[in-house]
Amino acid sequence: MKIRTALPAAALVTVLATSVLSGCVSGEGAAAEPEDAGTPAADAGWSDTQLTLDFATYNPLSLVIKEQGWIEETLGDDVTVTWVQSAGSNKANEALRAGAVDVGSTAGSAALLARANGSPIKVIDIYSQPEWAAIVVPAGSDITDVKQLAGKSVAATKGTDPYFFLLQALEEAGVPLADVEVQNLQHADGKAALENGSVQAWSGLDPLMAASEATAGSKLIYRNIDFNTYGFLNATEQFLTENPDLAQVVVDAYEKARAWAEENPEEVAAILAEVAAIDPAVATTVITERTNLAVDPVPGDAQREVLEVVGPIFVESGDVASQDLIDDALESLLEPAFAEKADPSTIAD
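What the sequence shown shows, in mature numbering (1 follows the signal peptide of the UniProt record, and there is no 0), is residues -22 to -1, 1 to 327, in sequence order.
Source of the hints: derived by calculation from the structure; they are not laboratory data.
Mixed in with the good hints, there may be bad ones.
Claimed, not checked - Taking lysine-lysine and the DSS-like style, the derived pairs with C-alpha atoms no more than 30 Å apart in a straight line are:
id	residue 1	residue 2
1	K197	K130
2	K197	K136
3	K136	K125
4	K197	K125
None of the values given here were measured: they were computed from a predicted structure.
Work the whole structure out from these sequences, hints included.
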C-alpha cells in the first residue's frame, strides 16, 4: 500500500511557525557524497521514515512525479511521503529553511539569494530552463517599454525570479529601482492587482501570466529568456548529510519524470491545467512554448554563469549585504553529485 499525504496550507503555516520559533534551521554540515542508495540493502532500510517534498505549478516535473506516485511506490510502506504546495520560490525557501520540506523547487536566482543570506541549501538537480517571467501590462495600457515604468506601480514577488527579472529589466533600461513603486505581492495577487487596475504593470510568472493573457487580454511588453534563471531543485545540507539515499531517490524520480514529460507533453499540460485550474490551451502554451525540460540536470557552469550576472544586482538592490556573500554562495551552492549519479531505472512505476 502506498503512503502519500498532502499537507494542508494551514498545517504548513503551523509547521513553519513552530520551526522558526524553536530556532529549527537545517544544519550547516557539508553535503555527503551520495551512496548507491537507489536500491538500499533490505536489512538497512531507508534512512528515515518521512519524506516531505514540494510541488509547484512552476515546476511541471514535480506535478508529474506527484501524479504518478513513483516515489511512493519506490519507497514502499516504510516511508511516508508528504507533498506541500509552494506558491513561489520565496515560499519554497521559507519552507526549506524552517525544515517544513526536505526538497523544494525554486528559481536559480532565489536559491542564490537564500544561500547568500545564510540558508544552508544545495542545488541537487536542474529541473528546467523556463521562460517563466516577463513584464506584463493590462489590456489597453499605453505602456510599451520598460523605460515607461518610471513613476509607475509594479507588482512583483520579492525573492522570486520575476522580481529579479524586474531588477534586470530596469537596470538594462536605465531606470533606477527607486523610481518604481514595487508592490510586494504573491504571484496570484500580483495578477489580480494588474487585472483590477491596482498596479500599472506586473512582473509575472507562468502559468498565471499565460492565463492573464488568455482571459484578461494582458500584454507582455518585455521578454528575455536570458533574464530567467533555471529551475533549481534544492535540499538542505542537513538532509543531504543524513538522508543521501532519499535525496538520490528524489533526483532519480526527477530524471524519470523528465523523460516521461518529453514523451508526453500533452499529458503534462493536462496535469498542469488541473493543478493550476487553468484552461488546457494555456497550460499547453506554458509547457510547449515557454518550458525547456531538455536540459542537463547536473548543476554546473551554465547555472553559475547566469547567477554571476544576477548576483551583483542583489547587492545593488540591497537584497544581499555584500559581493563577498554572493561569491561565497556561488562557491557552495551547487551540488552536482546526485544528478551525476541519477538512474531513473531505480524508480518503480
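**Prompt:** Which earlier hints turn out false for this structure, listed by number in ascending order?
**Reply:** none
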